[in-house]
Structure formats: C-alpha cells, structure tokens
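Line order of the protein sequences matches chains A and B.
Mapping the first sequence onto this note's numbering, position 187 (from 1) lands on 187, and the numbers just tick up by one.
Mapping the second sequence onto this note's numbering, position 542 (from 1) lands on 542, and the numbers just tick up by one.
Hints in this document: simulated from the structure, not taken from any laboratory.
We put the CB at the ideal spot given by N, CA and C, even for glycine.
Incorrect hints may have been included.
Some, not all, of what chain B presents toward chain A, calculated at C-beta under 7 Å [as the list claims (entries may be wrong)]:
#1 24
#2 30
#3 100
#4 119
#5 123
#6 125
#7 128
#8 134
#9 168
#10 183
#11 186
#12 189
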Amino acid sequence: MEFVDLAALTVHGVKNRLAILAARAEARGDRETLRDALEAAATLSRLLACYKAEKGQLTADIEACTPADLVAELVAEVRQQTALTISAELESAPELWFYDEHLIRMVIRDAIYNALRYARREVIIAARTRAGWLDLGVRDDGPGYPPQILARAAGSWPLSREGTGLGLYLADRVAALHCNGERHGRVELANSGGAAFHLLLPE
Amino acid sequence: MRAHMAQQTPYSDKRFLILDDQAEMRSSLRSQVGSLGCEQVTTAASVRDALQKLSVGSVDVILCDFYLGGGTDGQQFLEYLRTRRIIGRGVLFIMVTAEKGYESVVTAAECLPDDYLLKPFTADALRQRLERLLERKRRLARIDQLQDAGNWIGAASACDEIIAARDRYLVDALRIKGNALVQARQADNAIAFYRQVLSMRPLPWAKLGLARALQQQGSAEAAKQVLGELIDAAPKLTAAYDLLGKLHQDSGNTDAAIEILDKACRVAPNSLARQRSIAAVAEQKGDFARVEQALGQVIRKTRHSPLRETADFARLGNAYCEMGEAGKAVDLLEEARATGKEAAADPLLAAVEAIAQKKAGNAEKAAAALERALQADPAALTDDAALNLARACLLAGRQDSAQGILRRLVQGNPEAKQLHERITAVLRDNGAPDLAEQLVAESIREIVQLNNEAVRRAKAGDVAAAGEMLCEAAHRLPTNLQIMANAALVVYLDIFRNGLDSEKLRSAQAFQQAVQAQQPNHPKLAEIAALVEQVRSKYARSD
Chain A
1 MEFVDLAALT VHGVKNRLAI LAARAEARGD RETLRDALEA AATLSRLLAC
51 YKAEKGQLTA DIEACTPADL VAELVAEVRQ QTALTISAEL ESAPELWFYD
101 EHLIRMVIRD AIYNALRYAR REVIIAARTR AGWLDLGVRD DGPGYPPQIL
151 ARAAGSWPLS REGTGLGLYL ADRVAALHCN GERHGRVELA NSGGAAFHLL
201 LPE
Chain B
1 MRAHMAQQTP YSDKRFLILD DQAEMRSSLR SQVGSLGCEQ VTTAASVRDA
51 LQKLSVGSVD VILCDFYLGG GTDGQQFLEY LRTRRIIGRG VLFIMVTAEK
101 GYESVVTAAE CLPDDYLLKP FTADALRQRL ERLLERKRRL ARIDQLQDAG
151 NWIGAASACD EIIAARDRYL VDALRIKGNA LVQARQADNA IAFYRQVLSM
201 RPLPWAKLGL ARALQQQGSA EAAKQVLGEL IDAAPKLTAA YDLLGKLHQD
251 SGNTDAAIEI LDKACRVAPN SLARQRSIAA VAEQKGDFAR VEQALGQVIR
301 KTRHSPLRET ADFARLGNAY CEMGEAGKAV DLLEEARATG KEAAADPLLA
351 AVEAIAQKKA GNAEKAAAAL ERALQADPAA LTDDAALNLA RACLLAGRQD
401 SAQGILRRLV QGNPEAKQLH ERITAVLRDN GAPDLAEQLV AESIREIVQL
451 NNEAVRRAKA GDVAAAGEML CEAAHRLPTN LQIMANAALV VYLDIFRNGL
501 DSEKLRSAQA FQQAVQAQQP NHPKLAEIAA LVEQVRSKYA RSD
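Using the sequences plus the hints, can you model the full thing?
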C-alpha cells in the first residue's frame, strides 16, 4: 500500500471520529468543541489536497454552481462556531458560476478560519461579479496581513505555525486550476480595515 | 403549539433511509436527522438490509455512506438501485463521504448521487443542504416523472421551460435535455444541442453527450476523437473511458477496448460495472484468463451480497470450461444455482452448466441442466443465453433444437452482423460446420419472404390473413422491429376495414408500443400513428 492510500484511509477514520464529536458538540450547543472538530477536519483535507497538488494530481471538476448557496452554507456553518458576527454580502452574487464546488469551499473555509483568528468583531463573506470575474471575498476587522505576506510572490508563501501559508499556497493552486481560455483564477490579498482575501474566478 | 410549528419544514414529513456499516455513525446521523424534526427515519447496516427496507416501504431521502465494508461501496449500491429501477428519480440520494476525489469519480450521469456531503457536517448544514436539494427536486419533479416513464420527448420539451427561465436550474435542465434527446434517439438534434452548449462552455458532460450522439448517428470515428480529447481534459470522467471502450469493442478492436478499460480501472478501481465490461470484451477476444481475473474480483466482492449477478457466475463458469477446468466450472455453477429461485430458473446459467457438466463427464447432470434451460420462454432469451443454449444442444447432439434457437435469434435480429458472426462461430466450433455456412442467410431469407408475402396479401386486399402471419411472427420475434411495425400497421388496417375487434386492437397497440419503446424514431411510427387516427375517427363517428 502506498503512503498516500494509507493516509487517505487514516484521514477517513479520523474524520469519522471528528464527525461524531462534532455532532455531539452541536447537539449540546458547545461552540468551542464544534469549531475544534470542524477545523481539525479542514486541516486534514488541506493536507491531502496539498499532497495531491505537489504530485500534480489535483484536478478541478468544473460544474455549474450557485455562489450564493456556497456562501450562505459557510456563513451558517461558521456562526455555530464563534461568538463573532459573521455576515454575508450577496447582493451582486451571480445566479450561476462555473467552478469546482468542493475545492472552492475548502479554500474559502480556510480563509474564514484564518479570519476568525484575527477578527475583532466581525467577518464578512461576500460573493459578487466584477467585470467577468466572480469575486469570493473574506474580510475581517483585525490587524490586517503582515507586510511580508502582502509582498509575497505567488506560490512562495511564508509558512506560519497556524498553517496560513499552506492555506494560501493551496488557494493559489486551486485558483490556477480554474481557467477559461487564457484567463486563470487568482488570489488577491489587501488590507482595508482588516485583512481582505479575494479569490477571483473567470467567467 | 410550538411542537406543531416545528413540523412546518420542507423536510419534516420526508422518509429517510440511512445506510452506514458503522453503528456509531448510523446513530450519529440518525440523531442529526432527528434534530431537524424528521421522525420517519430507518437505518440499515448493509446493502442487504437497505434493500429489504426499501422493499417494505418507499423513502424520499437516502443518506448513504460511501464505504460500506466487505468490498461494497455506496456507488455500487446506487448503480444497483438505478439499473434495477428500485428508486425513481424523485428520490434524493446523498452520498456521505470523508473526502471527495478518491471515490467520487464521475460515472454515467444516471448513476450520480444528487449530492455529496462531506464529513464532518453539522445538523444545521445538513438542513440547509436538504432544503436546497428538495427545492431542486420540486422544480424538476415533472421532468423526473417523464423520464421515469420513458417519455423522453416529453422530458426534453419540459426542460425547455426551465432553460427559458435561465434560473439556477438552467444547467440541470440543459444536461437532462441532452440526455433525453439521445434517449429519444434524435441523434442529429442531440448533436446540434450539445455543440451549442459546448460553444458556451467546454463542459465535460456535454462532450460526453456529444460523443454518445455521434455514436448513435453512426459516426464512430468522430465519437472516438471527441472522447480522446475529453479524457485528456477530464481524466477522472470514467464514463468517457467506458464509452470509448465500447466503441473499440464494436469496431472489433478488443485490444484497444481492454487497454482503455484498464486505464479506467486505474482511475476507479472498485467499479463492478467496469469489470463486467472488461470480462465481456475479453470473452469476445477469447482471452479467458482475463475473464477469470475480472469476474473473479466481481464475484469475490458480491458473492454473499444482493449485488450478486447470476450472469457473472455463468460467464466465469464458461471461462473455466474454455480453459479446460470443467470441474471448477461445475463447482461454481452449482454454487450459483443454489443461491435462490431466480438463479435456479436462469436459462443462461443452466445452459452453461449443461456444457460444463458434459465436459466434466457428468452426462446425467448435463441432461438435467439442459432440460432446465429449455424450459425458458424462447422469445425471452437474451442473446448470450440463446447462444449458450444452442451450444449445449449441439454438445448433446440435439441439432434440431440448436437450429431452432439460432434461427429465431437471427430472425429477431436480422441486421446484427456481429451477432450473426457469433452464431456462425457457435455452429462451426460445435460440430455443425455445414450448417454454419447457410443458417444465417437462410433464416434471413425466410423472414424476408414471410414479410413480403404478408405485404403482398395485404395489398391484394386480404389484410386479415396478412395480419395473422405477421402477428405470429411478431410474437415469436419481439426484437424484429420491422415485423413488429408491419404487424401493427396491418392489424390496424384490418380493424379499419373490417370492423372493431377488441382483441386485435389490443395486439396492434402492444406492437406499436413495443416499437415505440425500443426505437422511438422508427420510420414506420408516423404511418402507424396516422392510421390510428383514421381508425379513431371512423369508429368515433359511428358511435
């Protein structure tokens, strides 16, 4: 058995345990444990996805999806895990867009967990169209990205202990898998009243 | 009052089936579903258990874990449900899995779950997803019913309504419409439709649909080219490999067919359907070791499960015989026969057993097996069953019975050149080389003569006699659509000219419907429909 198969089986087993833990925590309204369980599972997914990206095995199943549903589901999921205000901005969200729902959900969820660590009061998740692009944004009201992250060259994220760098590395890879003709998806980071993460996907 | 309010959700009246082999996961899922106010929840620990529960009462939502233990998985279960039509399209099937990507390889659209739910998830997330998916089912309900009823033309036009609305179900409707056009055998329309979709966006399912439509149109080379491009662009879409394998097999290139199916196995190693396809190609090629390898896997996984198929045992038994291991074949076939009534009455299994018993030197058991096989309704035999039954008859020295079976097979499928070659080979390889030379041509001549004679009599005015001839042939050869269509025409004409007769009307309708079901674009259908209209207005007026 290859290590990756063993890893996949192990991840499967651990996620089953985490699923039971999360269900129990949710049933008794235990926000902290729920967040720990779900975030741990997200970390495992990211690890496997990064491995696949390294091996050139990460591929995107591009299908028609509804960005507003994705954001609404993530907002509802995260609200159960934190006392911060989590809100959605969907006024200019398109009805349909083409992307790999699973990969994009993983990237945005990572960005949200990152925002939760730094936000003071609120995190805003937005979906909108911007001149032929879908802009999926996660903003917080924290101290913003440190300069070394903003000054980065794509694909060379400095790794932090919390896994921020790994998340951004994966976001880059996933964005690049979404292309239409010459236009490739990309990640944009900015500081405007906090950190602003944007994943841009071409029409 | 509060409790009553809590019931007013779009899903609280839905009946759930939860299938997971792990008790803890089952109860966790059950309490999550319960917390949403759903009270009608059944759980199952195995495929057998789930099928039993489904046979007792229908459900609205199935939550199925991907890993079911014992070599079976949720995808195999879903394929079984869909191919046996155990659940309609209105039933929501959600696959629960820890990681998407390892297991969710794209199979035929018919066998895709409605959604994947990734563990771990909260009850709240499940609620949101259910609301969304049930809303989609509601929007597509009429289209689902039309598809379940096999009314593909109706389904395609029902899609147009949603396509015109251009809402979030647009792409669902496009996808269903394309498939409906292919199912209705409107190849030209389907090709134009898929090309139009592809001009907007190179969607893999649309490319696959285009290849299917091209195959149907008879443009096998163009279909192969489209599939080659598709596999490069979307290497996980295993349905593309399956179709390409089928195209290679149909053009007689069995090596290329096996090569492409092997490639698909590397992408998705657990598909039973694919191992069965490999076995079919290997059998055609005469590579029985490969048949053993493929079906050995299938049988190991399904032996004690309801996913077991009698045909797998028959095919593997035949491969053992061909490899000179008649004893092994006998053991396997006897085991299969003992699994139940369905298997015991299966003519293919009995025919292969007759051959194996004969080769193993058990004359009495061989004769008994052959008798069992010959009890089946000859008009209902599959091609494989008929061919093997003919072989068994030839081995037993019953050349007349063999001839009768093969004649009927040719006459039921007068255009099927590959089948004709197989029939010729059966005769040649089993001690009747002189018959091999002429049986196919003679049988075709016979049925053409019958048809022409009936048409001649009808034109001469004796529609009743023509109708009798064609009805007899149509009952005997239910797959010969030319005979079926002519029988419908002549019987309707008889009714039109000679008076309403309820028995004749019933048989004419049955023939017409059989043609409609097997080939919705059959050229004679329009003529039949026009005649039906004439019959209707004539007798409606006289009422």
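Okay, the hints, checked on the actual structure:
no., hint, result
1, 24, "6 Å, holds"
2, 30, "10 Å, violated"
3, 100, "5 Å, holds"
4, 119, "4 Å, holds"
5, 123, "6 Å, holds"
6, 125, "5 Å, holds"
7, 128, "5 Å, holds"
8, 134, "13 Å, violated"
9, 168, "5 Å, holds"
10, 183, "22 Å, violated"
11, 186, "24 Å, violated"
12, 189, "22 Å, violated"
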